[in-house]
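Starting from the known structure of chain A, fit chains B, C and D onto it as the hints suggest.
Protein chains: 4
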Amino acid sequence: MCGIIGTILSTRNAAEKIMLGLFAEQHRGQESCGMAVSDGKSLQLRKEMGLVKEVFPQAILDTLPGFAGVGHVRYPTRGKNCESNSQPHLIKLLSGPSFAVASNGDIVNYKSRRKLLEDDNVFFESDNDGELLAKFIAYYIVRRNNSPEIAIAELIRNVRGAFSTVFLTRDQLYAFRDPWGIRPVSFGRINGKGWVVASESCSLDILGAKSQREIEPGEIVIFESYNKCKTIRYTDFGEAVEPQSRRHCIFELIYFARPDSYEFGEYVWNVQKQIGSSLAKDDKEINPDLVISIPDSSNFMALGYADFKKIGFDIGLLRNHYVGRTFLKPEQRIRDEAVRQKFNPLKGYFKGKKIVVVDDSIVRGTTVRKIVRAIKKTGAKEIHLRIGSPPVKFPCYYGIDTPTREELVANQKNLEELREFIGANSLKYLSMENLKSCVKHPENFCQACFNGDYILEPEAGFSKCNK
Amino acid sequence: MCGIIGTILSTRNAAEKIMLGLFAEQHRGQESCGMAVSDGKSLQLRKEMGLVKEVFPQAILDTLPGFAGVGHVRYPTRGKNCESNSQPHLIKLLSGPSFAVASNGDIVNYKSRRKLLEDDNVFFESDNDGELLAKFIAYYIVRRNNSPEIAIAELIRNVRGAFSTVFLTRDQLYAFRDPWGIRPVSFGRINGKGWVVASESCSLDILGAKSQREIEPGEIVIFESYNKCKTIRYTDFGEAVEPQSRRHCIFELIYFARPDSYEFGEYVWNVQKQIGSSLAKDDKEINPDLVISIPDSSNFMALGYADFKKIGFDIGLLRNHYVGRTFLKPEQRIRDEAVRQKFNPLKGYFKGKKIVVVDDSIVRGTTVRKIVRAIKKTGAKEIHLRIGSPPVKFPCYYGIDTPTREELVANQKNLEELREFIGANSLKYLSMENLKSCVKHPENFCQACFNGDYILEPEAGFSKCNK
Amino acid sequence: MCGIIGTILSTRNAAEKIMLGLFAEQHRGQESCGMAVSDGKSLQLRKEMGLVKEVFPQAILDTLPGFAGVGHVRYPTRGKNCESNSQPHLIKLLSGPSFAVASNGDIVNYKSRRKLLEDDNVFFESDNDGELLAKFIAYYIVRRNNSPEIAIAELIRNVRGAFSTVFLTRDQLYAFRDPWGIRPVSFGRINGKGWVVASESCSLDILGAKSQREIEPGEIVIFESYNKCKTIRYTDFGEAVEPQSRRHCIFELIYFARPDSYEFGEYVWNVQKQIGSSLAKDDKEINPDLVISIPDSSNFMALGYADFKKIGFDIGLLRNHYVGRTFLKPEQRIRDEAVRQKFNPLKGYFKGKKIVVVDDSIVRGTTVRKIVRAIKKTGAKEIHLRIGSPPVKFPCYYGIDTPTREELVANQKNLEELREFIGANSLKYLSMENLKSCVKHPENFCQACFNGDYILEPEAGFSKCNK
Amino acid sequence: MCGIIGTILSTRNAAEKIMLGLFAEQHRGQESCGMAVSDGKSLQLRKEMGLVKEVFPQAILDTLPGFAGVGHVRYPTRGKNCESNSQPHLIKLLSGPSFAVASNGDIVNYKSRRKLLEDDNVFFESDNDGELLAKFIAYYIVRRNNSPEIAIAELIRNVRGAFSTVFLTRDQLYAFRDPWGIRPVSFGRINGKGWVVASESCSLDILGAKSQREIEPGEIVIFESYNKCKTIRYTDFGEAVEPQSRRHCIFELIYFARPDSYEFGEYVWNVQKQIGSSLAKDDKEINPDLVISIPDSSNFMALGYADFKKIGFDIGLLRNHYVGRTFLKPEQRIRDEAVRQKFNPLKGYFKGKKIVVVDDSIVRGTTVRKIVRAIKKTGAKEIHLRIGSPPVKFPCYYGIDTPTREELVANQKNLEELREFIGANSLKYLSMENLKSCVKHPENFCQACFNGDYILEPEAGFSKCNK
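Residue numbers (my numbering), protein chains in the order written: chain A, 572 to 1038; chain B, 572 to 1038; chain C, 572 to 1038; chain D, 572 to 1038.
Don't take each hint at face value.
Note that identical chains are pooled: a pair holds if it fits in a single copy or bridges any two copies.
[What the hints assert, rightly or not] Taking lysine-lysine pairs in the DSS-like style, the calculated list, with each CA pair at most 25 angstroms apart, reads:
| # | residue 1 | residue 2 |
| --- | --- | --- |
| 1 | K922 | K855 |
| 2 | K881 | K922 |
| 3 | K781 | K941 |
| 4 | K781 | K913 |
| 5 | K925 | K941 |
| 6 | K947 | K855 |
| 7 | K764 | K913 |
| 8 | K881 | K801 |
Hints listed in this document are in silico derivations from the structure and should not be mistaken for laboratory results.
Next comes chain A alone, as it looks inside the complex:
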């Protein structure tokens, strides 16, 4: 998973704004971050492993003057092959034009699109989707002497998958999105000062920008200057069969997005509360003494659950938020992520109590198992685990870093086996039906990770590593 930012301003401090915007999106990617900035004459790029506040201290920002720019944060990846794949990607044409791209989402026909380009001499340095998008656009600009907007439209017609993307030239900023609107992206206005595009609206908030709206699926917004922008659709320049429905990623609302963001026409916190209520509604047989979350990801679900039950939400696990440098050896990382270091159950809290623990989802099931055991040890009488999503049974091809089908515990154990593995007194998932009732337009959402209904099948040879 990744986060993106773009900005175009009346002032030359784009780098500082991008840094702050990326800081607000740090939860979308903690491995590496980068930005490309334009001062009107040329583009400068800087990207590095590390957290935003580490990679971009003031002294570095000072070396990146510019009125416009794009930025990116990137999630920890697993494989060695992915190591040099950070964004943005930069292209400089001899004749002057320069481009930079930052994108969030996976391309499912990555290989065939790259092959098209490679067949026409476009070479690649990495396996990164962002590089594909950058070169695709450059190719259509250079080959057909197209304007950037036509090149982008061509890209949207050709490239299939999830992409919420910002594209920077020396004097303009573009933002566009795949026709299904899989990943979030919206834009806002800093009063009299300029535009900001961001994966999540919490980034607009930190910059004091007034959110305008999401970039529409298939839309291309052209920010011509700090106070001018226009919008077109990828279908404006050629035939294309537009998708009949949107396919927003439901998992963004369940887990990934920050609860204070507004995404896909929904307040994230509100959807999560609805999920909690919905879980409670189906839980009539249980009268818990306490309802707790696993902080912070299921806080609002637990709040919703407790609200419905009218018994009051409780905080029963303390989470340690201190982290150090990100460059740890693998063994250390494992140890660092040990549940005991991160979560501590309150003493004297659970004794003799019947507890509902709400979690957002189960992927491998190992963390929640350790937490349930830790709570049990403090004297809880019963632990009832409620999951704010249906079982995750299918990998995501559009940008969420889920493991293979085999590693998903819901494919390995039935409900009773899983309950026993975790050690809970009962275990219930949110039903697909109920999930739908928690969002305004369920038909607009991709739920492939739950039901395997992929709107876009990946090509043969698709590998999750070229994200």
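Then chains B, C and D, alone, in the frame of chain A:
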């Protein structure tokens, strides 16, 4: 403020345990950290600026073999004079014995005690209380050929102030505490493996240690080996007028300690909930739509308030927990601490609502003011601010980093002026009376920051900087 | 200026060999370094600002397993535009093949060649010659389905300028050189273990490789495995007018190469000694008491001068070799390079003496001026400055980092003015005639920096910054 | 071994001067460095592992304003026990006075002196001689209410061993030296701006200071302000039997000092040349074709040898001066110090030649052995090794980091065995007699490492590690 750790084990991995224990106490001090470890022959010291996980990666821990040790985390200080004052402090005697000390708390007769030692040729490298304690003990061991326990008893008789301290020799670990028990410290047992002493019980939890109890005020616990310990009192070796009452720091329970810690015979979370209930009980005229905290410090107070009102606690502010390196330039620090970077109010949450915001205390009032304004901007109808403590009017001489009397806003504005400054529709503090009702033995607590009733007046010339 | 390394081995420790080889070539570039390594399946790249021993500690080498690789060190550049231009450059084809290129030398038709590629959709990330070479080769492989050797031959036919280059695929290593042989490159054999290609033979020495010979101008050597190699010429695959003569860079022998290297059929130390003798031969009127060098660059010239005069060489200036990190602020760099920090004249050495100071060349004249003044201050009676090369009057277009024509002091002052500026009692340059007598085949050398006779005129718009 | 600096100025940039002075003394210690600076009100200390230019970049110097200060560089030590022993040492008295000490040299009655202090309650943090000196002085100032000069005089009367020391108070700088003058230290004047004290005169040169003279053995120089200084002797304040002769360390002139320094009344380069001549004088039977040094330590000895033989000095080995960070793992360090990485014999230079190699001394014999072999491999006919000092048979107790008696190869092999071990055709040492002829006052020198004649026997229990 600071946090301490001590351990003595059957195995040689004391450094790793100390690192983990300090990690759990990181909230007590984020400026510097250090540890001294004994392998039975000599003591090794390492201390540095930075967070625990940065200063003590595995590669460094590997260079610190030992079965016993003491550790320390230290709070950001303000003045230049304090910069080289990190702990532990180490003393090596030519004849073999070596000592290390880590302590939490301020000494109010620091100057006169140091003068006594200086008059007898003991020299100092820093202005740190920990160095005073280390040298005081060494002085009594060497001068009078005393045992460490007698030296420690002498220290407790002589030095006045707050000190929860661990003292390491080449083969034993000691833990002791001032006769008023101002700062917390407890100890626990890792089954069959050894002892752990820690400022807070959450440190014992992370180490899998079973908490035994607090070190008593005036008590000296001697951990002779991983499975033997004995206890004495400072009055065992000489006359001394013991204080008639304890003076635990009430502010630990209100703000400083982690809610999952058990301190002063109280579950911290529980006291904070009681405070919340107590605030609600006196708030009959208000029927709020929402009750929120300022995360995470007033979470449990808000929970208590909401519980009493039976209206359900809510999370209305999102907090960004990502932090980078700690070595920031002053201007950056200020900017980093900007409220907007740290807290974001949920959109669509407060619109038209009557909200109770619970905070733990008001020191300068600037942060809560910005938060109240930010919530107002999202459309809240009314904001009622409730403070989980009486007005902070007096500086702390025993280790809390409060500003001078003049800088405390409660000394500058009356309640109505302060309400207006903050921009809340109403403002109420917890009364002294109600605060007392929230702990089992109110007579055991120091409340000097609220009432100016200092059990130990600082000497003339006492400076808060030698902490 | 830059240095390159390539290796193909029977073992998987190519990274360590490349690191050592680069270490021996550190004098050719101290700004950044990098390497690309193949394990037979894929190529891994790592490049960073800093010295070789800093960028490639053992822990990093351990993450770069591979049996073959290429490496690069790069000289400090001045302009901001050059900052992200480090080498090697990597290209990965979807169908499997991957390439990496490291090159030394400047391309004078860089712009038109890049335009050719750009016109056919090949995009660039940097202004670096190495990227041009990498993409040119990839283009000819992919477009015409050519073998790497034919693509390289095509490159040599098309690209004009200086290039001593290594090219890595997943299983083979190639080394080639422009038809004029402007920059050095030779190869050697590690007995029974593999091949090494290096800018200078001192790199072969450090690796225990037995030097075989130079790569010939226009030659392509294909290292098929650790014990097989074959050679072709770029003319084997198509018509081409081969240059009638070589144009080795004479400045390599005068200044750039390490004296222990064997380059262009000459022992560098030996040429420098010949130069010294030649200077002395024309200096009959002078009977110096002392002959000194400016360490370490003119040591052998001074030795040659002293030998001829039969008066014994002397060391009169001490040089401080300690350097710290390379990331210094500009102002510091200037200060660091202050002559007084680097050179100290011996006290009591020059008093009343008539001294010949031999330097290798004069570019701006400011350093030698400070040194002459410092020696004067110690009491020298006369200082006669002898320069081991003709006046540098023309910029180099083939890779040496000389300033513009205007900044070359030899274009600003006549001999007498320059002598006075420097403060020497006399000043003599080596004559062009004499320079020729110091190498075996003077007709094989480019001396454009002295006589402006450029074999390859740069294109309009050629900028020294795309090096 | 270590180097020291002290300065007192009319301006507030003492830190920058100390940094530069330490940079010139970097050869005396590369492990750690530090400085203490006074702004007239208080002393600030900063010390860290690393090279001077790394530890003290401009940004750090800017945080150390002050008009006076002392600095220190420290040599790599071997044992774990020595790790936290860097200098300067700081003492702050409650009543105001503060002191800092930096010293070069070992104290042979360290233990008994420390015991005296410890018996009177003075405690130690390290095993460092500098801390002993700092506390000794503080003790005499505080205990007897003495002036610093009397305390220093007392110290010189009591402490035996080598110490060239600078002592800083809040407003004055003191420099003093043991009565035998074992280690060098001199002082100079920056015209109208202040004083500088330094281990070596090359430090004065880099600061533009005019050298005044050495601090005399037993002398205490008090720099009262930037333009006032006075001098006393330790015997001025009490009886003391002054040593009848000096005992300057002869090894400083042979190996340790920079050749451009003036030490012990001798130009270091000149003594080394004399040594070379002396070796040649006794070498009548040999007519070498070449005379080379092992750069850079025996350059001047080889020059002297060649001069005498009138055959011209040659440079036959190239030395690689690039070094990276100093924090290397032990194994790497070993590898880094591999002879092949550091020295490369010129190719085509030695073929068929009879060579004299001059080295300054033999300690373990392993490095010279590898060099001799490497030269042999290049085709040398004969290699005659000449050593510019007598056999090193005895450890140094006064500050040179020689190994134990058993590790000194001259105690393990006789001359013929050693010659064979090294692989030279002949091997000759400088005789004691000849060594004496190379300095003006041989009776003033300690030659204990050659003849075991220790002026000061170390106490029982003396360990070389408390340096």
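### Message
So, against the hints stated earlier in the document, which numbers end up violated here?
### Response
As far as the earlier hints go, only 8 is violated by this structure.
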